[in-house]
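Number of protein chains: 2
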Amino acid sequence: MSTGDTGVSASLHDHRLPMPVPVGEYDRCPVTDVLRRVSDKWTLLLITLLGRHPHRFNELHRAVEGLSPRMLTRTLRVLESDGLVEREVFPTLPPSVEYRLTPLGASLLEPLSALAEWAVAHHAEIVAVRQRTA
Amino acid sequence: MSTGDTGVSASLHDHRLPMPVPVGEYDRCPVTDVLRRVSDKWTLLLITLLGRHPHRFNELHRAVEGLSPRMLTRTLRVLESDGLVEREVFPTLPPSVEYRLTPLGASLLEPLSALAEWAVAHHAEIVAVRQRTA
DNA sequence: CAGTATCCGAATTGATACTG
DNA sequence: CAGTATCAATTCGGATACTG
Numbered sequence: 001m002s003t004g005d006t007g008v009s010a011s012l013h014d015h016r017l018p019m020p021v022p023v024g025e026y027d028r029c030p031v032t033d034v035l036r037r038v039s040d041k042w043t044l045l046l047i048t049l050l051g052r053h054p055h056r057f058n059e060l061h062r063a064v065e066g067l068s069p070r071m072l073t074r075t076l077r078v079l080e081s082d083g084l085v086e087r088e089v090f091p092t093l094p095p096s097v098e099y100r101l102t103p104l105g106a107s108l109l110e111p112l113s114a115l116a117e118w119a120v121a122h123h124a125e126i127v128a129v130r131q132r133t134a
Numbered sequence: 001m002s003t004g005d006t007g008v009s010a011s012l013h014d015h016r017l018p019m020p021v022p023v024g025e026y027d028r029c030p031v032t033d034v035l036r037r038v039s040d041k042w043t044l045l046l047i048t049l050l051g052r053h054p055h056r057f058n059e060l061h062r063a064v065e066g067l068s069p070r071m072l073t074r075t076l077r078v079l080e081s082d083g084l085v086e087r088e089v090f091p092t093l094p095p096s097v098e099y100r101l102t103p104l105g106a107s108l109l110e111p112l113s114a115l116a117e118w119a120v121a122h123h124a125e126i127v128a129v130r131q132r133t134a
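Listed in order, the protein sequences are those of chains E and A.
Here the first sequence is numbered in the numbering used here, starting from 1 and rising by one per residue.
Here the second sequence is numbered in the numbering used here, starting from 1 and rising by one per residue.
Calculated directly from the structure, the hints in this document are not laboratory data.
We treat Cβ as the ideally placed atom computed from N, Cα and C, and that holds for glycine.
One or more hints might be untrue.
Label-pair ranges, simulated between beta-carbon atoms [unchecked claim]:
1) V127/E x P95/A: 25 to 35 Å
2) V78/A x P94/E: 44 to 54 Å
3) A63/A x P94/E: 50 to 60 Å
4) A121/A x P69/E: 31 to 41 Å
5) R52/A x V89/E: 44 to 54 Å
6) E98/E x S68/A: 22 to 32 Å
7) R62/E x S68/A: 39 to 49 Å
8) N58/A x H61/E: 41 to 51 Å
Below, in silico cross-link-like pairs of lysine to aspartate or glutamate (EDC-like), each with a Cα-Cα straight-line distance of 16 Å or less [to be verified]:
9) K41/E x E65/A
10) K41/A x E65/A
11) K41/A x E117/E
12) K41/A x D33/E
13) K41/E x E65/E
14) K41/E x D33/A
Between the sequences and the hints, there should be enough to build the whole structure, so can you do that?
Next comes the structure, spelled out in structure tokens:
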């Protein structure tokens with residue numbers, strides 16, 4: 001890092017966003033799109049759990065304290081409609097539904113890990129600064 | 001990847017979060033904390049721009065179409081209070097204020113790039129799935 | 001079991017006008 | 001120039017009750 005200027009950031013946004021960033025363009029920026037998807041209240045957690053093994057609906061519901069069925073469904077549906085999660089229905093009685101990461105979803109775990117490691121490494125520092133500021 | 005099970009996801013959340021994830025604990029999870037910070041509407045964009053070179057307030061304002069002074073200030077203040085951005089006031093007339101990434105902020109560009117590359121590589125696929133679902 | 005339906009409060013963002 | 005103040009609109013998320 002700090003080779004002088006923008007070696008790092010260049011790779012962040014230089015998939016031809018011109019410098020004066022029109023927000024219309026920016027909204028279609030892949031990075032923001034993905035980031036905003038992944039970063040709502042429950043998505044990351046669900047991806048992580050599904051990264052371990054497939055889960056049934058109520059299994060997820062039980063695993064995550066505070067997550068209502070409404071938000072669980074909503075979050076899974078978005079993930080599904082983005083092709084990150086796969087939903088399989090077993091027509092048993094009572095019905096059983098299994099959710100698992102698609103290969104695409106699984107591949108996302110990798111870059112997410114880089115960010116996770118950064119977060120783990122630097123979170124204390126952030127919190128410290130935050131408290132000085134507070 | 002896909003060595004069998006959770007090689008990837010393990011590094012995501014195994015800083016000792018037990019499997020039944022209590023949300024109280026999860027809210028203090030460094031990963032989510034950082035993700036939620038970075039992923040509001042303007043933060044990533046501002047970090048990216050500041051990663052190129054320091055900017056003055058109105059320089060950022062002009063650079064990002066659709067960003068109101070209110071949100072610009074708010075976003076910068078949060079970044080500052082997290083120690084990712086540094087604010088320097090030059091007591092000229094009229095006043096001039098420069099924002100730049102701190103070393104901590106700059107170090108965040110690196111993992112962000114990993115995610116950015118994933119996003120660039122897979123965004124088309126996501127969009128395609130989305131449209132089939134829509 | 002696996003959801004859906006409904007209602008409501010909270011948080012986020014935008015628009016705009018004003019100030020040291 | 002670099003913000004702040006105010007108000008309105010939208011979106012997000014929680015609680016709860018109900019259904020095939």
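**Report entry** Indices of hints not satisfied (ascending)
**Finding:** 6, 9, 11
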